[in-house]
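For the record, the sequence lines run as chains V and D.
Going by the numbering used here, the first residue of the first sequence is number 1, and it counts up by one from there.
Going by the numbering used here, the first residue of the second sequence is number 1, and it counts up by one from there.
Be a bit skeptical, because a hint or two may be false.
[Stated by the list, open to error] In silico DSBU-like cross-links for lysine-lysine, where the CA-CA straight-line distance does not exceed 35 Å:
| # | chain 1 | residue 1 | chain 2 | residue 2 |
| --- | --- | --- | --- | --- |
| 1 | D | K197 | V | K37 |
| 2 | V | K37 | D | K153 |
| 3 | V | K4 | D | K153 |
| 4 | D | K65 | V | K4 |
| 5 | D | K153 | V | K29 |
| 6 | D | K65 | V | K25 |
| 7 | V | K64 | D | K65 |
| 8 | V | K29 | D | K65 |
| 9 | V | K4 | V | K25 |
| 10 | D | K197 | D | K64 |
| 11 | D | K197 | V | K4 |
| 12 | V | K64 | D | K153 |
| 13 | V | K29 | D | K197 |
It should be emphasised that the hints constitute simulated quantities derived from the structure, not laboratory data.
Quantities reported herein were computed from a predicted structural model and do not represent experimental measurements.
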Amino acid sequence: MVAKLYVIQTANFIPENYSDVIRDKFTDKVYEGVEYKQIFTFEHHIHTAEGLFFDTQEEFQNWKNQHEYDYFILPLDLVPSIKHYASWVKETYPDKIFDVVLGTDEIEVEGQMVTVPTNIVKMIPCGITAFNAEGEMLLEAVIESWNTQAPNKVIDFNVKFYSLTELDNFIASCGSSL
Amino acid sequence: MKLIKQNDSAGGLIFKQNTNGKAMKQNYNFGKSFIVTVSTSIYFDIPVNIGINDSFTILLFAKKKANSSNNPQILRVNALTDTFFSFRASDLNNSIAVGAILSQNQKVLTGFSYQNGSVRYIDESGNILSFYSLMGEAATFLRVGLSGATVGKMVINNLIIYNRAVSDAEMIYLKNNNLGNDILNTFGMIRRYKMDKFEIFNNSYVGFRDYSQNSLHRPVIGLPVGTLQEQLDYANNNLIESW
Numbered sequence: 001m002v003a004k005l006y007v008i009q010t011a012n013f014i015p016e017n018y019s020d021v022i023r024d025k026f027t028d029k030v031y032e033g034v035e036y037k038q039i040f041t042f043e044h045h046i047h048t049a050e051g052l053f054f055d056t057q058e059e060f061q062n063w064k065n066q067h068e069y070d071y072f073i074l075p076l077d078l079v080p081s082i083k084h085y086a087s088w089v090k091e092t093y094p095d096k097i098f099d100v101v102l103g104t105d106e107i108e109v110e111g112q113m114v115t116v117p118t119n120i121v122k123m124i125p126c127g128i129t130a131f132n133a134e135g136e137m138l139l140e141a142v143i144e145s146w147n148t149q150a151p152n153k154v155i156d157f158n159v160k161f162y163s164l165t166e167l168d169n170f171i172a173s174c175g176s177s178l
Numbered sequence: 001m002k003l004i005k006q007n008d009s010a011g012g013l014i015f016k017q018n019t020n021g022k023a024m025k026q027n028y029n030f031g032k033s034f035i036v037t038v039s040t041s042i043y044f045d046i047p048v049n050i051g052i053n054d055s056f057t058i059l060l061f062a063k064k065k066a067n068s069s070n071n072p073q074i075l076r077v078n079a080l081t082d083t084f085f086s087f088r089a090s091d092l093n094n095s096i097a098v099g100a101i102l103s104q105n106q107k108v109l110t111g112f113s114y115q116n117g118s119v120r121y122i123d124e125s126g127n128i129l130s131f132y133s134l135m136g137e138a139a140t141f142l143r144v145g146l147s148g149a150t151v152g153k154m155v156i157n158n159l160i161i162y163n164r165a166v167s168d169a170e171m172i173y174l175k176n177n178n179l180g181n182d183i184l185n186t187f188g189m190i191r192r193y194k195m196d197k198f199e200i201f202n203n204s205y206v207g208f209r210d211y212s213q214n215s216l217h218r219p220v221i222g223l224p225v226g227t228l229q230e231q232l233d234y235a236n237n238n239l240i241e242s243w
């Protein structure tokens with residue numbers, strides 16, 4: 001008798017596609033911000049080809065890891081010790097580096113007052129899936145450092161993003177002034 | 001004494017030749033056992049009520065089946081991480097984790113007794129080691145079979161809990177050079193799960209039978225969703241293996 005782990009998006013879930021033995025026994029999960037229904041059951045109770053079937057926990061884990069990417073943001077320049085860590089992100093996601101302006105000055109250009117940034121910190125997003133323990137540890141140091149060096153600029157470093165798209169949207173909404 | 005035949009099923013027969021060349025029989029060995037691997041999240045919980053001043057014994061016979069440097073953690077107290085109570089042995093750099101291989105001496109602990117701070121435990125080879133330590137916390141339930149973040153495969157058999165500290169001799173007798181012996185007596189025995197086969201109980205769940213007088217049969221968590229008969233067949237075909 002073959003038992004498999006089965007996952008289907010909640011939006012595509014039709015109860016009639018499953019035997020009444022398992023129909024109401026699914027577990028609700030969220031992967032990458034998308035709602036899924038999940039069950040470990042015998043294949044013959046599933047009467048549809050839709051959804052994903054996993055023979056082993058390892059297969060399922062691999063799939064899950066790809067869909068549970070978390071990111072957070074770190075100020076690149078404030079903590080020298082994270083530069084080696086940040087370089088991986090810089091290399092992998094060069095378009096994800098963005099600026100945060102800490103201070104501005106107003107100067108007169110051709111008779112008009114213009115605001116220019118005077119203190120810019122480069123920010124990087126870091127994936128904690130790849131560097132879970134190290135990343136979390138660094139994050140604590142970064143928050144402490146940030147609170148000391150930029151006490152007037154409140155940033156929620158604990159914000160997490162479940163996909164690159166979500167992170168992109170966040171960066172776009174921050175612009176260059178967060 | 002020469003071993004001439006062995007039947008690996010529970011309650012099977014082991015025939016030995018005595019000094020006159022005649023066959024003697026021994027009517028017990030560990031037999032079929034519950035498989036614990038890292039790829040399954042299948043376990044069962046046993047309610048217990050062990051206070052920090054109580055004497056007790058927990059025995060769980062375990063055997064490594066896959067060739068790996070590590071083993072699944074197979075027994076936890078109060079579902080806490082990988083440690084078991086707060087005992088510390090002078091010759092170990094670990095708290096007790098029954099079933100787990102200890103990094104320092106690569107031994108699999110298979111059980112221990114406790115009385116007034118004296119902890120006597122039996123390792124995979126049947127050696128008795130001892131140390132003094134006070135119990136760190138009361139136990140309200142034990143979780144059996146749930147693997148930790150390790151690799152490897154083990155089979156486990158005969159979880160026995162006594163509300164007394166059994167003697168060294170009794171522990172060695174029960175382990176019987178890793179072949180297993182039937183219990184000497186049931187005095188103070190509060191739980192005993194042979195884990196040699198799954199059964200359906202009360203027409204409501206699949207689990208393991210408690211052979212102690214308390215008959216606290218326990219459901220096994222994590223089986224595939226299906227009818228009880230399907231779960232039973234799956235469990236007996238996939239989660240039980242010879243010792």
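To see whether the hints hold, each was checked on the structure:
no. : hint             : in the structure
1   : D:K197 <-> V:K37 : 31 Å, holds
2   : V:K37 <-> D:K153 : 30 Å, holds
3   : V:K4 <-> D:K153  : 20 Å, holds
4   : D:K65 <-> V:K4   : 24 Å, holds
5   : D:K153 <-> V:K29 : 29 Å, holds
6   : D:K65 <-> V:K25  : 33 Å, holds
7   : V:K64 <-> D:K65  : 28 Å, holds
8   : V:K29 <-> D:K65  : 34 Å, holds
9   : V:K4 <-> V:K25   : 14 Å, holds
10  : D:K197 <-> D:K64 : 19 Å, holds
11  : D:K197 <-> V:K4  : 22 Å, holds
12  : V:K64 <-> D:K153 : 23 Å, holds
13  : V:K29 <-> D:K197 : 33 Å, holds
This entry satisfies every hint, going by the numbered hints stated previously.
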